[in-house]
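Chemist: Could you build the full structure based on these sequences and the hints that come with them?
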Amino acid sequence: MILLDNPIPRDWLDWTNASVGGVGLLLTIAAIVQATGAKRAAKEAREAIWQREASDSFSELGGLAGELVQLLQFERPSEAAVRVRDLLAHIPRDRARFARFLAADSDKLKAVEAVFRKLALQLSAPGFLEKKDEFQAAVQEVLGANSVLSEVYGRLLARLDEEGK
Amino acid sequence: MSDKAEELARQLLEKTESGKLLWTFVPEAISGGDWLESEKFRTDLDDGFSFFIRRRVNGDNKILDFELSQSGRVVLSAQSRNNVPIGPVTRKLLEIRRGFISPDDKEKLAEPVDEPILARFRLFSDLFHAARKCAMSGDQTIEKVQQLLERLG
Numbered sequence: 001m002i003l004l005d006n007p008i009p010r011d012w013l014d015w016t017n018a019s020v021g022g023v024g025l026l027l028t029i030a031a032i033v034q035a036t037g038a039k040r041a042a043k044e045a046r047e048a049i050w051q052r053e054a055s056d057s058f059s060e061l062g063g064l065a066g067e068l069v070q071l072l073q074f075e076r077p078s079e080a081a082v083r084v085r086d087l088l089a090h091i092p093r094d095r096a097r098f099a100r101f102l103a104a105d106s107d108k109l110k111a112v113e114a115v116f117r118k119l120a121l122q123l124s125a126p127g128f129l130e131k132k133d134e135f136q137a138a139v140q141e142v143l144g145a146n147s148v149l150s151e152v153y154g155r156l157l158a159r160l161d162e163e164g165k
Numbered sequence: 001m002s003d004k005a006e007e008l009a010r011q012l013l014e015k016t017e018s019g020k021l022l023w024t025f026v027p028e029a030i031s032g033g034d035w036l037e038s039e040k041f042r043t044d045l046d047d048g049f050s051f052f053i054r055r056r057v058n059g060d061n062k063i064l065d066f067e068l069s070q071s072g073r074v075v076l077s078a079q080s081r082n083n084v085p086i087g088p089v090t091r092k093l094l095e096i097r098r099g100f101i102s103p104d105d106k107e108k109l110a111e112p113v114d115e116p117i118l119a120r121f122r123l124f125s126d127l128f129h130a131a132r133k134c135a136m137s138g139d140q141t142i143e144k145v146q147q148l149l150e151r152l153g
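Protein chains in written order, with the numbering used here: chain C, 1 to 165; chain R, 1 to 153.
Keep in mind the hints are simulated off the structure, nothing from the lab. A few of these clues could be false.
[Claimed, not checked] Listed below are several chain R residues computed to face chain C (Cβ distance under 10 Å; list not exhaustive):
no.	residue
1	56
2	59
3	60
4	83
5	112
6	114
7	117
8	118
9	125
10	126
11	129
12	133
13	137
Remember, predicted model here, so these are calculated numbers, not experimental data. Ideal placement from N, C-alpha and C gives every residue a C-beta, glycine not left out.
Modeler: Have a look at this one:
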């Protein structure tokens, strides 16, 4: 009965303990919230860096493809063959590496790859540049492939800009 | 002067492609030097005027010479080389130079700095190929050789 009338004896020590406990709980919650936010921020930062890397890689591909067209138009097959080989090494690698940013562009890149593979074979055939019609058709195809690469690069940049806002 | 050469080369290309001009192969003495291959073609007009297009090749390097002569006297000549794809630093320097020379010509400033060089090379190269195609169209060498081989039994 005595216990029911006065179940818990309260003095200033009890109140202090209770307050410290409450403050501790609040601080823990705040720390959890902050840690979650920090984790999300770190993930977003990592994603942004990854996207930046993807756009840099495609910028490099665009540069290589531009050089290739110029070398073809200046009829420099040996150097053009080196650029084609570079492109054929880079495109599948970047396509696989940045697959989750590319979505439908992945298939377009496969088509671009096919154009460069065909050109690599043509360049290794003797007298390819002397066959004017075949040569002009190849230049047109490469120009088309370059446009696709530029489009993909543009889309990556747009996405980067969008997420930067 | 070189603009005039390009204008004439353009007209020659057009007329060659439409079959109005006849080109012939010009045998040349082997001059040695760095050039491994050399081919020259000529077409003759009235009043002793002749046009020549010659290509010299060594690996990827090519030089195209275009020439107009009258009775053996060279009246006009122009050359185009393909060893000019330029690096980014040179490109930047050429763009700066062009900016000083013609600061108000927006159309010119917008085009790639090596566009005129490329345009001339393509024109001369196309003319060379058209001239060669024309000169070789009546060539029966392969057929004659095949007949000779058949005759041998």
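Chemist: With reference to the structure, classify each hint as holding or not holding.
Modeler: Cross-check of the supplied hints:
1. 56: Hint on residue 56/R: violated, closest Cβ of chain C at ~13 Å, above 10 Å.
2. 59: holds (7 Å)
3. 60: Constraint on residue 60/R satisfied, holds at 4 Å.
4. 83: holds (8 Å)
5. 112: At 9 Å from the nearest chain C Cβ, residue 112/R passes the 10 Å test, so the hint holds.
6. 114: holds (8 Å)
7. 117: Nearest chain C Cβ about 9 Å off; hint holds.
8. 118: Since the shortest Cβ distance to chain C is 6 Å, the answer is holds.
9. 125: This interface hint holds because 6 Å falls under the 10 Å limit.
10. 126: Cβ of residue 126/R sits 7 Å from chain C, so the hint holds.
11. 129: Given a least distance of 5 Å, the restraint on residue 129/R holds.
12. 133: This hint holds: residue 133/R lies near chain C, its Cβ roughly 8 Å from the closest one there, short of 10 Å.
13. 137: violated (14 Å)
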